[in-house]
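Novice: Residues per chain are reported as follows:
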Amino acid sequence: MNTEAVGRAYGPHEPYEVTRVKIREFADAVDARSFAHLSEEAARAEGYADVVAPTTFAVIIAQQAEFHVVVDPEVGVDFSRVVHADERFTHHRPIVAGDLISTTVHIDAIKQRAGISFVTTRTELADADGAPVSTVISTLAVREGDA
Amino acid sequence: MTAENRPGLDGLEVGQVVAEREVEVTRDTLVRYAGASGDFNPIHYNDVVAASAGLPGVIAHGMLTMGLAASVVEEWAGPGNVQDLQTRFSRPIPVPNPGAAVVTFTATVGAIDAEARTARIDIAAELDGQKVLTKAQALVSCA
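Sequences listed follow chains G and E, in order. Counting from 1, position 77 in the first sequence corresponds to residue 105 in the working numbering; the numbering is continuous, with no gaps. Counting from 1, position 4 in the second sequence corresponds to residue -16 in the working numbering; the numbering is continuous, with no gaps.
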C-alpha cells in the first residue's frame, strides 16, 4: 500500500437521496424496532420531520464514498484481503427521509504493522444546504500479499 | 435535533443494564443485510470465496453486528438519540448453514454527564461467551 496517499480527498460525490423505503428495509435488516423508522406519523410524534434512520444507516452512504478509496490504483488496496477493523459514527443531527446527502472522503491514516496495512478513512456527510450531518470514520485492515 | 423522545438521566446509574437482546444470525440475516446496506462482499454469502480468503466460512458483516448493537441501544435511547457510536471488530462471527450464530447483546450505562445531558452506553456483544466487539460505546442524548 502507498502510505503517501494519506491526506487525499475524494468528492464531493453525487448526493444520495434518503428514502422511507430504504430506511424501513435497513431497520428491518438490523432489527431496529421503533415505529419511527417505519411510519411518518410515529416519527413526527417523536419530533422528527419524517421517518428517521437507524444509527448505522449512514454506512450505506459512507461505504459508497469509501469505495472511491478502495478502487484508487494509486492507493493499492487489495479488496480480496480486506477485513473491517473499526468504525465510528458521529451524528451532528439524525438522518431523515427526504435528506439529500453528499459525501467527501478523506484518507486520514495508513499504518503498517506485522504484515497488515490499516487504512483509516473519514467520510463527511453534508445535507443539501451544506450543513454537516454525520462523520463516519472507518479502518480497513489489508493483509499484504505473499510476494 | 429533538428532545421529545430522549431518555431521562434521573435515576440512571453507572452499571445499570438498560437493554439486552439475543439475536439469531442466519444466512437469511446476512442476505437481508447485504441487500439493505449494499455491501455485497461475497465472504458474507459464498462459502468458497470465504474459504479462499482464509476465513473459517461465511462470516457476518461487521457492520451488521454493529447495526444490531445499535438497535439494542436504541430500544432504550429512542430513535435518533445516539450521537456517537464506535466499535472495533475483534472476532468474526461464522454463520453456519443450516443453523444460526446466536449473539447476545448487553447495553450497560458506562458513564453519565449531567452537564452535557448525555450517557455513555457500553455494549457487550458475545458469541459462545467470547467478545465479538471491543470498546463498543454509544453516546446518547438524554433529557
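Hints listed in this document are in silico derivations from the structure and should not be mistaken for laboratory results. Quantities reported herein were computed from a predicted structural model and do not represent experimental measurements. A virtual CB, placed ideally from N, CA and C, is assigned to each residue, including glycine. Just to be clear, a hint being listed does not mean it is correct.
[As the list claims (entries may be wrong)] Selected chain G positions facing chain E (in silico; Cβ < 7 Å): (1) E53; (2) H119; (3) T132.
Novice: So, against the hints stated earlier in the document, which numbers end up violated here?
Specialist: Result: hint 3 breaks, nothing else.
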